[in-house]
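A.B. asks: Sequence:
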Amino acid sequence: MTFGDFIRILFSILIPPLGVFLRVGFGLHFWLNILLTLLGYIPGLIHAIWIIASYRTREDAVYRR
Numbered sequence: 000m001t002f003g004d005f006i007r008i009l010f011s012i013l014i015p016p017l018g019v020f021l022r023v024g025f026g027l028h029f030w031l032n033i034l035l036t037l038l039g040y041i042p043g044l045i046h047a048i049w050i051i052a053s054y055r056t057r058e059d060a061v062y063r064r
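0 is the number of the first residue of the sequence shown in numbering that gives the first Met the number 0; add one for each residue after it.
If you're looking for bench data, these hints aren't it; they were derived computationally from the structure. All figures in this text were calculated on a predicted structure; none of them were measured in a lab. One should not assume that every hint holds.
Across the chosen pairs, the derived CB separations fall in these ranges [claimed, not checked]:
1. M0 with G24: 28 to 34 angstroms
2. L38 with T1: 27 to 33 angstroms
3. T1 with L37: 26 to 32 angstroms
4. F2 with L37: 16 to 22 angstroms
5. L38 with F2: 18 to 24 angstroms
6. A52 with F25: 26 to 32 angstroms
7. T1 with G26: 17 to 23 angstroms
8. R55 with L31: 17 to 23 angstroms
All residues carry an ideal CB built from backbone N, CA and C; glycine is no exception.
My request is simple: use the sequences and hints to build the entire structure.
C.D. replies: Right under this line is the structure:
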């Protein structure tokens, strides 16, 4: 987990879809997180942290080599 992931998780604690947006942009996970957050804050928060912790970009793969 990088420092950027830590910042995204902090944003997710305040507004879960914001952390997901910063990680994946306007994709399926973002809209799913908005739905989960509307259904309840906790499901949206859990989904946001899971996406931030598990989603890896191409830049992350290059950086780890």
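A.B. asks: Each of the hints needs a verdict: does it hold here or not?
C.D. replies: Right, here's what the structure says about each hint:
At roughly 20 angstroms, the beta-carbon separation of M0 and G24 lies outside the given 28 to 34 angstroms, and the hint is violated. Remark: the range hint 27 to 33 angstroms for L38 to T1 is upheld by a beta-carbon distance near 30 angstroms. In this structure the supplied range 26 to 32 angstroms holds for T1 paired with L37, their Cβ-Cβ distance being about 29 angstroms. The beta-carbon spacing between F2 and L37, approximately 30 angstroms, falls outside the hinted interval of 16 to 22 angstroms.
A hinted range of 18 to 24 angstroms for the beta carbons of L38 and F2 is inconsistent with their spacing of about 31 angstroms. Separated by about 20 angstroms at the C-beta atoms, A52 and F25 break the suggested range of 26 to 32 angstroms. As the Cβ distance of T1 to G26 is approximately 20 angstroms, the hint placing it in 17 to 23 angstroms holds. Evaluation of the 17 to 23 angstroms hint for R55 and L31 yields a pass: the beta carbon distance comes to about 18 angstroms.
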